[in-house]
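In case you want the letters, here they are:
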Amino acid sequence: MEKEQTKKPYLKLFLSTLALSAFTFGGGFVIASLMKKKFVDELHWIDEEDMLNLIAIAQASPGAIAVNASILVGYRIAGFPGALVSILGTILPPLVILSVISLFYEAFKSNEYVAAALQGMQAGVAAIICDVVLSLGSNVLKTKDVLAILIMPVAFCAVFFWKVNVVYVILGSAALGICRGLLRRKEGKA
Amino acid sequence: MSLLAQLFFSFFNIGLFSVGGGYAAIPLIQQQAVVLRHWLTLTDFTDLITIAEMTPGPIVVNSATFVGIRMAGIPGAVIATVGCILPSCVIVSTLAYLYYKYKTLRLMQETLGCLRPTVVALIASAGLSILTLVLFGEEAASLGAVRWAGVALFASALFVLRRWKPNPIVIMLLCGMAGVLLHVLDTGLM
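Line order of the protein sequences matches chains A and B. Using the numbering used here, read the first sequence as starting at 2 and increasing by one per residue. Using the numbering used here, read the second sequence as starting at 836 and increasing by one per residue.
Hint data in this document are derived by calculation from the structure and do not stem from the laboratory. What you are looking at is a predicted structure, and each value in this text was computed from that prediction instead of being measured. It cannot be assumed that every hint is accurate.
[As the list claims (entries may be wrong)] With a cut-off of at most 20 Å between alpha-carbon atoms, the simulated SDA-like pairs for lysine to any residue come out as follows:
| # | chain 1 | residue 1 | chain 2 | residue 2 |
| --- | --- | --- | --- | --- |
| 1 | B | 938 | A | 49 |
| 2 | A | 110 | A | 100 |
| 3 | B | 938 | A | 61 |
| 4 | A | 110 | A | 26 |
| 5 | A | 38 | B | 998 |
| 6 | A | 164 | B | 964 |
| 7 | B | 936 | A | 81 |
| 8 | A | 38 | A | 48 |
| 9 | B | 1000 | A | 140 |
| 10 | A | 38 | A | 19 |
| 11 | B | 1000 | A | 44 |
| 12 | B | 936 | A | 49 |
| 13 | B | 1000 | A | 139 |
| 14 | A | 187 | B | 940 |
| 15 | A | 143 | A | 48 |
| 16 | A | 110 | B | 905 |
| 17 | A | 110 | B | 1018 |
| 18 | B | 936 | A | 82 |
| 19 | B | 936 | A | 46 |
The shape of chain B in the complex, shown without the other chains (with noise of 0.2 Å):
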């Protein structure tokens, strides 16, 4: 099988069974490209999940274009990327012509109405997970170590999306900016 079908079929693996978003994914990708391919060390590996989470997009579809571009180049990188999304392009589509389909039965609705408080309780729990990370730091909670300059970004932020409804990426690129300038007062008054 050629580099580019390896990428393909493995990456087109790890789309159809990460269910559950990025984090599921992860041992999946490593099985892939560090055990059963070789594409990667773990070394690599653990870089790659760290870039795919400092940068914007999906963890599956960042480590592709990854393993795809190092391995073969621009068309590695396309090939891996489609590989990954293809299952939840048929999965999802299917899906969707379902859903809007027999939206109106009355089983679907109870359903849904059960599912909808559920989905507001997983962006809540996620939500909560980068708060504390925001206000802690890495190291788990102790009052000690809270970070005054997380919090009063994190409370300005809040504020300012309450009042005002601006756009969101107007907020974290402000927010991105912030950070920077706080990290140049503190290194420089160090």
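Okay, chain A solo, but in the shape it has when bound (with noise of 0.2 Å):
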């Protein structure tokens, strides 16, 4: 590695990892759209393709998308001990307010108070995804590529009206582009 950074950003990684499990209600794919705006927009430590690379590989793999997306960021950010750094922030949120609210889950559940609080973030956070997904969408457009512009509203119509399971959809579009490589290899060949 030739642009080996002197000094690893491993506070800076492990204050926003935390930061951001902290706050991530809701679903492993709400956390994926802060951690674009925060590593790709804000701190500018990964591009843009690289992380929804990661998105995908994060929501293909067993276990929690928003720990396996931690392990990505901070193994690209820093290695291993970056990917230890990230996993970390990102489960002590969970594990610190479960902890203190099992001792008192009755009176958590039924507070008015907690749930028209999680209401006004419930708006917040589809805003946030749906400012993300702006974002995204207008970059893949910006492609011209016809089959990624195609498979966008196919995945998504896949997803959200007829239920198809997310890994299907991941590995069927991942098959799409190996059958695409091969036959452009065998094009060039020809």
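Bring the two chains, given one by one in their own frames, into a single complex with the hints.
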């Protein structure tokens, strides 16, 4: 590695994953959207293409998407030690929060203010994801790659309307990519 | 097998076989914690899922902490959490290594080129599910039941995000506060 940084940003990596994990309600794709904003748009540690590749790998691997994505991001930024640092940042908040809540969960579950705050946060999450999708989607359109542009709506319908298992959708589009790669290789040789 | 070892192996199992994120893990958690080990009753389990969704962090990690701390205190929580993320750590680190080694290969490029638009579609689908929840609540979409507070909150959050690009965590906190405020106003005016 020629561009090896002299000082690896372990602390910043830890604090970033900690904050993301502590404030990310609901599902792996929420944290994936926030990671994109943090590591691609704000810190410029990872480029957008790389980030999307990492999210695809995180989704297709076993385990929680948030944990998988943070392993990949940490590894990308600072190798295996980086992966460990970001795992720690990602699992500490749920570990602490759930430990506390499990002690008095009856009260938490039925608290109307907690419910109201969570409902408000849902609207925020929806807006953040919408924002991320708008930027990512317009970048896919800009590639002018017809196959990629077609995959987007089809994959969306498959998951949202036809309720196809996400893993199959990922495997299917990977298979498409492999087929296209093999076809092009053949054309190249001919 | 001691209780800690049982916790470790049960959650290791859950972590290893839950491909596709949190919702794929729910039946596995039920199988291990309710049916096989009798750590939770079905009511406990339903509460657990509700709480796991209401709190930040992946469902698997939340469940591991919740079950672990109830069965064996803090050590239980830590052991169960480590158990559920260990498969991810090994598998995803290996994938990360392979990805960075081979990502410049033509075939890999083609495959990832088809995976990226899929990921955008997956994020969009997750976002739209949350958005419908924000706009219409738990009941199926009907125009009479639009929650205008949710609409307004979503629209203003999206506007602020696109216009000023603030830190998303700030947006989440503001939306949470707005949720509480709206609730207070609502109950106060009734």
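Compare the structure with the hints numbered earlier in the document and write down the numbers of the violated ones, lowest to highest. Going through the list in order, the structure violates no hint and respects every one.
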